[in-house]
Amino acid sequence: MAEIKKIVLDAEENGVKKYHRELNTLIRKAVADGFNWITIKNVRGQRFIGAGISDDVTLEVKGDAGLDLGVFSRRANIIVYGCSEYLLGNTLNGGEIVVYGDSWDITGVGARDGSIYVMGEGGSRIGIHMKEYKDKRPAIIYGGRVKQYCGEYMAGGLILVLGLDYTRALVDVNKPFPKKTSTREK
Numbered sequence: 001m002a003e004i005k006k007i008v009l010d011a012e013e014n015g016v017k018k019y020h021r022e023l024n025t026l027i028r029k030a031v032a033d034g035f036n037w038i039t040i041k042n043v044r045g046q047r048f049i050g051a052g053i054s055d056d057v058t059l060e061v062k063g064d065a066g067l068d069l070g071v072f073s074r075r076a077n078i079i080v081y082g083c084s085e086y087l088l089g090n091t092l093n094g095g096e097i098v099v100y101g102d103s104w105d106i107t108g109v110g111a112r113d114g115s116i117y118v119m120g121e122g123g124s125r126i127g128i129h130m131k132e133y134k135d136k137r138p139a140i141i142y143g144g145r146v147k148q149y150c151g152e153y154m155a156g157g158l159i160l161v162l163g164l165d166y167t168r169a170l171v172d173v174n175k176p177f178p179k180k181t182s183t184r185e186k
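Going by my numbering, the sequence shown opens with residue 1, and the numbers climb by one from there.
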């Protein structure tokens, strides 16, 4: 096992958040310099964090991440202590993303491998276009609820929605299916 080499990056400077390009340049430089555990503090919606990282690196995100967190990444492990915006794990090709909060629409779109774990709730179209091929099997697990079209156009992989902390009363239905209304009914 490789030695853990840590660095802390600040996503803001003098109280002003850094533009996503500047922050991602710092992340890529840290990876190139051999750091394999990168803590990013004061994250406030910056996009593309961890984009395209193919190295065995852990990114620890403290704050709320913006769009496309972990997009195209292959081996990165990303831990978010906050929430994540749309397109979490877009076209994920490996590694693991853990979010200790909510993550909204289009999580895991086009994922080919890797795992995404979200403690909270999600929006619409979770896992659309996920694909499984040979030994590559993407997985998405939500602790809370998700909205409509979950798994739309999915061609493999696993989506598990636990619905924990769901407090609305469930409604009993006497007949689970509506009566047939076909004109050919006898």
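No lab work stands behind these hints: they were computed from the structure. Be careful, since some hints might not be right.
[As the list claims (entries may be wrong)] Calculated cross-link-like contacts (lysine to aspartate or glutamate; reagent style EDC-like; alpha-carbon spacing at most 20 Å):
#  : residue 1 : residue 2
1  : Lys6      : Asp55
2  : Lys6      : Glu85
3  : Lys136    : Asp105
4  : Lys134    : Glu96
5  : Lys6      : Glu60
6  : Lys29     : Asp10
7  : Lys17     : Asp64
8  : Lys62     : Asp135
9  : Lys6      : Asp33
10 : Lys147    : Asp105
11 : Lys41     : Asp105
12 : Lys17     : Asp105
13 : Lys131    : Asp102
14 : Lys29     : Glu12
15 : Lys136    : Asp102
16 : Lys62     : Glu85
17 : Lys18     : Glu60
18 : Lys62     : Asp102
19 : Lys147    : Asp165
20 : Lys5      : Glu85
21 : Lys5      : Asp55
22 : Lys18     : Asp64
23 : Lys131    : Asp105
24 : Lys41     : Glu60
25 : Lys18     : Glu3
26 : Lys18     : Asp105
27 : Lys18     : Asp55
28 : Lys136    : Glu13
29 : Lys62     : Glu22
30 : Lys6      : Glu96
31 : Lys41     : Asp10
32 : Lys18     : Asp56
33 : Lys41     : Glu132
34 : Lys29     : Asp102
Do the hints match the structure? See the list:
no., hint, in the structure
1, Lys6 - Asp55, "15 Å, holds"
2, Lys6 - Glu85, "26 Å, violated"
3, Lys136 - Asp105, "23 Å, violated"
4, Lys134 - Glu96, "19 Å, holds"
5, Lys6 - Glu60, "10 Å, holds"
6, Lys29 - Asp10, "14 Å, holds"
7, Lys17 - Asp64, "12 Å, holds"
8, Lys62 - Asp135, "33 Å, violated"
9, Lys6 - Asp33, "11 Å, holds"
10, Lys147 - Asp105, "9 Å, holds"
11, Lys41 - Asp105, "24 Å, violated"
12, Lys17 - Asp105, "24 Å, violated"
13, Lys131 - Asp102, "23 Å, violated"
14, Lys29 - Glu12, "17 Å, holds"
15, Lys136 - Asp102, "26 Å, violated"
16, Lys62 - Glu85, "14 Å, holds"
17, Lys18 - Glu60, "17 Å, holds"
18, Lys62 - Asp102, "14 Å, holds"
19, Lys147 - Asp165, "15 Å, holds"
20, Lys5 - Glu85, "29 Å, violated"
21, Lys5 - Asp55, "13 Å, holds"
22, Lys18 - Asp64, "14 Å, holds"
23, Lys131 - Asp105, "18 Å, holds"
24, Lys41 - Glu60, "8 Å, holds"
25, Lys18 - Glu3, "30 Å, violated"
26, Lys18 - Asp105, "24 Å, violated"
27, Lys18 - Asp55, "24 Å, violated"
28, Lys136 - Glu13, "40 Å, violated"
29, Lys62 - Glu22, "17 Å, holds"
30, Lys6 - Glu96, "19 Å, holds"
31, Lys41 - Asp10, "5 Å, holds"
32, Lys18 - Asp56, "25 Å, violated"
33, Lys41 - Glu132, "34 Å, violated"
34, Lys29 - Asp102, "29 Å, violated"
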